Amino acid sequence: MSKGVFMGLFRRADDHQWSQLHLSHYADGDLSARARRRLERHAEGCVDCGRGIRAMRALLRLIPAIEGREIVRAPAGIFDRVRSGGAGDADDGGGAPAEGT
Amino acid sequence: MSQAAGPGGAGVLETEAALVARARAGDVDAFEQLAGAHADRLFALLVRLLGDRAEAEDVAQEVMLRAWRGISGFHGHSLFFTWLYRIAVNEANRSLDKSARRPAYTSIEAAAVQLPAAAREEPARRLEQTELREALSRALVRLPPDYRIAVVLHDVEGLSAPQAAEVAGCGEAAFKSRLHQARLRIRAAIGDDALINAGS
Numbered sequence: 001m002s003k004g005v006f007m008g009l010f011r012r013a014d015d016h017q018w019s020q021l022h023l024s025h026y027a028d029g030d031l032s033a034r035a036r037r038r039l040e041r042h043a044e045g046c047v048d049c050g051r052g053i054r055a056m057r058a059l060l061r062l063i064p065a066i067e068g069r070e071i072v073r074a075p076a077g078i079f080d081r082v083r084s085g086g087a088g089d090a091d092d093g094g095g096a097p098a099e100g101t
Numbered sequence: 102m103s104q105a106a107g108p109g110g111a112g113v114l115e116t117e118a119a120l121v122a123r124a125r126a127g128d129v130d131a132f133e134q135l136a137g138a139h140a141d142r143l144f145a146l147l148v149r150l151l152g153d154r155a156e157a158e159d160v161a162q163e164v165m166l167r168a169w170r171g172i173s174g175f176h177g178h179s180l181f182f183t184w185l186y187r188i189a190v191n192e193a194n195r196s197l198d199k200s201a202r203r204p205a206y207t208s209i210e211a212a213a214v215q216l217p218a219a220a221r222e223e224p225a226r227r228l229e230q231t232e233l234r235e236a237l238s239r240a241l242v243r244l245p246p247d248y249r250i251a252v253v254l255h256d257v258e259g260l261s262a263p264q265a266a267e268v269a270g271c272g273e274a275a276f277k278s279r280l281h282q283a284r285l286r287i288r289a290a291i292g293d294d295a296l297i298n299a300g301s
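Chains S and P, in that order, give the protein sequences.
Note that this note's numbering gives residue 57 to position 57 of the first sequence, counting from 1, and the numbers run on in steps of one.
For any residue, its number in this note's numbering is found by taking its place in the second sequence, counting from 1, and adding 101.
Hints listed in this document are in silico derivations from the structure and should not be mistaken for laboratory results.
One or more of the hints may lead you astray.
Cβ-to-Cβ under 10 Å is the rule here; a few derived chain P residues that face chain S [what the hints assert, rightly or not]: (1) ASP153; (2) GLU158; (3) GLY171; (4) GLY174; (5) LEU197; (6) SER200; (7) LYS277; (8) LEU280; (9) GLY292; (10) ALA295.
Keep in mind the model is a prediction, meaning the values are calculated, not measured.
C-beta atoms are modelled at their ideal positions from N, C-alpha and C, and glycine is treated no differently.
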């Protein structure tokens, strides 16, 4: 195997691994132009990565459509402890966060 | 104050500021009105993070109590809902810690193992919407808590990356890293064919 062929295979394997790890970035438009071109160039000749792009895009459509569709109502007693002044609660180290931290 | 609108919407900001001022002065009715506007979505967030409605009810009460006790420390530098959500995320994490119920998130492949048999064998044709919903829920609950929080805040709740990072208590770059890793794990758990078929 010539050095050129070997390097080509190595680069392809490297591109494949890199592309698989960046499918979510790509679907979000969260890649630089250069990185996006690298992934697209690889995916043109890679069945797995082409399918991966379609799957990731589908996932981003499905998550809000499936997980976000249920209407959830807060329980009626959500302010009960506020009204009772937190009687009986132990101070276990929690608390409201400072802003900007 | 941040420009982005949260669940309450940009149009309520002035009213919200007035309610914050009254709540900071000790007006519990104002606090209920202020926090009550976000109660449904906050409760939904807790149900998704904890995966248990009864536990979410308990934690939601605790969140409101801590917010009430801490309202004097809220100065409006961030949106009220991001501050409230941050308390909710902290309390959800504390609850998961206390109950030692952190899922076996190191083996996300287990979610795939528990997919319906039909889904594994013929995902493109057999995975129904209900099964997909169950598979997605299982995959979510098996994520490391930080990853699950990222997906729920950004992809389900629709918060922007900066808002979600603020709620999660981390930087935006770290938040995005968690989000992308989480999605890759969910994709691996459900499978490309099932996702493409369901999403087409």
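Those earlier numbered hints the structure runs against, lowest number first | 1, 5 and 6
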